[in-house]
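S.K.: From first to last, the protein sequence lines stand for chains E and H.
Taking this note's numbering as reference, the numbering of the first sequence is continuous, increasing by one, and the terminal residue is 238.
Taking this note's numbering as reference, the numbering of the second sequence is continuous, increasing by one, and the terminal residue is 170.
These are computed hints drawn from the structure, not numbers from a lab.
A hint or two may mislead.
Just the calculated beta-carbon pair ranges, DEER-fashion [stated by the list, open to error]:
id, chain 1, residue 1, chain 2, residue 2, range
1, E, 126, H, 134, 39 to 49 Å
2, H, 41, E, 201, 31 to 41 Å
3, E, 76, H, 16, 24 to 34 Å
To give an idea of the chain H side of the interface with chain E (calculated C-beta under 8 Å), a few residues [claimed, not checked]:
id, residue
4, 114
5, 116
6, 119
7, 123
Beta carbons: idealized from backbone N, C-alpha and C, even for Gly.
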Amino acid sequence: MSAGGQAVVAAKAGAIIEARGVVKSFGQTPALRGATLSVSRGEILAVMGPSGSGKSTLLHCLAGILVPDEGEVWFAGSRLDTRSEADRSALRGGRFGFVFQSGQLVPELTAEENVAMPLLWSGTRRGPALAQARQWLGRLGLDGLERRRSGELSGGQAQRVALARGLVARPDIIFADEPTGSLDSVSGEHVMNLLTDTARQEGTTVILVTHEARVAAYAPRQVIVRDGTVSTLTGVSP
Amino acid sequence: MTLLGLLEREPSHGYDLKRDYDAYFGHGKPLSFGQLYATLARLDRDGKAIAGPAEPGGGPDRKRYVITGAGATDVERWLSEPAPPEPGLHSVLFTKVLLAVMLGRPADRFLDIQRAAHLQRMHELTELKRSDNMADVLLADHGLYHLEADLRWIDHTAARLDQLAQAVRR
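The following block holds chain E by itself, in its conformation from the complex:
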């Protein structure tokens, strides 16, 4: 990291995903001004930064939800940002999992149907998809809640359902954007323990966007996004 915070996080052997000089603006407002970041396979990384720093935009560019104006995004050794929307969408369905702040469960569906969604999208038949969903609900301590709809779940339970949905397709990477943001501290802790424990067991890479230091502290390495660029904080050689 240079003195001015215009950081370059060097690409490393074993990197599963990288942003290289990513620039992204919304209209006249720049969100990312050359963000560079490399994340190793199986790593749990926290991306910190104040509101409006560009950290969620960085996550969306890495996940192929947004396409950078300039720069490159690489996933598993090949360019991601130049692929078609259909290709990127297929990746998001299969190899990426997502957990957002408010869970974003489909209210009309039961917990098990919500969890099964990524499998159904990728062509798994309904019966096996629901069976796998129930396994994940059990693994996250949600036995007995399979048929409940999101309105019948507590905030912490709903977020664990969202976590199960993020994990059910056994993705390479989980993108978690403020995953404890709407939870009390004890429920948030429970969700973070489950997320990090499961990721370690499964070898899943986790990119965790948060403005909370206590949440970021679950990750061995943290980076900070400031004014649209990425600065390393811990654990990585410059």
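For chain E, the structure is supplied; the task is to place chain H on it using the hints.
M.R.: The following block gives chain H in isolation, referenced to the frame of chain E:
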């Protein structure tokens, strides 16, 4: 005061006090027997605890200590008072930032280094919370919340370094 509190729980031999102190309050820094018996002698001298007669077996370990009424009153008073809000760490951080700004040094870099050190410690404490021992978990939480408060101050200060520089530079 911790040893006196342990004595209020039950009359104890020195060895038992040390064992309980190390288990619950030592946090990797066991109490030396020298500290232990010096404290017990002072409590005895000040009338807060009474040493019983040496029991068969000999050695200083064989005295049983009992808290007195005055000792129990001290424990009661101590537990009803708030702990002084500790300004120690904050003042070190503050002094370094202020001096860096006064001397025209890169205070933002110091704050980044401190932020990294805090996050590293917070990660270590978060790992400690995987323990099954609830006392260890809550102790780690105590550290985490304090470090988090420091970090908020660091962020707050980092955003105001220019104003600070204007205020203190000559």
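S.K.: Given a cut of 8 Å on the nearest C-beta pair, is the interface hint for residue 123/H held or broken against chain E?
M.R.: With a minimum Cβ separation of about 5 Å from chain E (threshold 8 Å), the hint on residue 123/H holds.
S.K.: Given residue 119/H as an interface hint, is the shortest Cβ-Cβ distance to chain E below 8 Å?
M.R.: Residue 119/H check passes; min Cβ-Cβ to chain E is 5 Å, inside 8 Å.
S.K.: Falls inside 31 to 41 Å, the C-beta gap from residue 41/H to residue 201/E?
M.R.: Distance hint for residue 41/H, residue 201/E is violated at roughly 53 Å.
S.K.: Under the criterion of a CB-CB separation shorter than 8 Å, is residue 114/H in contact with chain E as hinted?
M.R.: Violated: closest Cβ of chain E sits about 11 Å from residue 114/H, beyond 8 Å.
S.K.: So the hint says 24 to 34 Å: do the beta-carbon atoms of residue 76/E and residue 16/H match that?
M.R.: Violated, at about 59 Å.
S.K.: Do the numbers back the hint for residue 116/H, that is, is its least Cβ distance to chain E under 8 Å?
M.R.: 5 Å, holds
S.K.: State, for the Cβ atoms of residue 126/E and residue 134/H, whether the hinted interval 39 to 49 Å holds or is violated.
M.R.: 43 Å, holds
Hint compliance for this structure: hints 2, 3, 4 are broken, all remaining hints hold.
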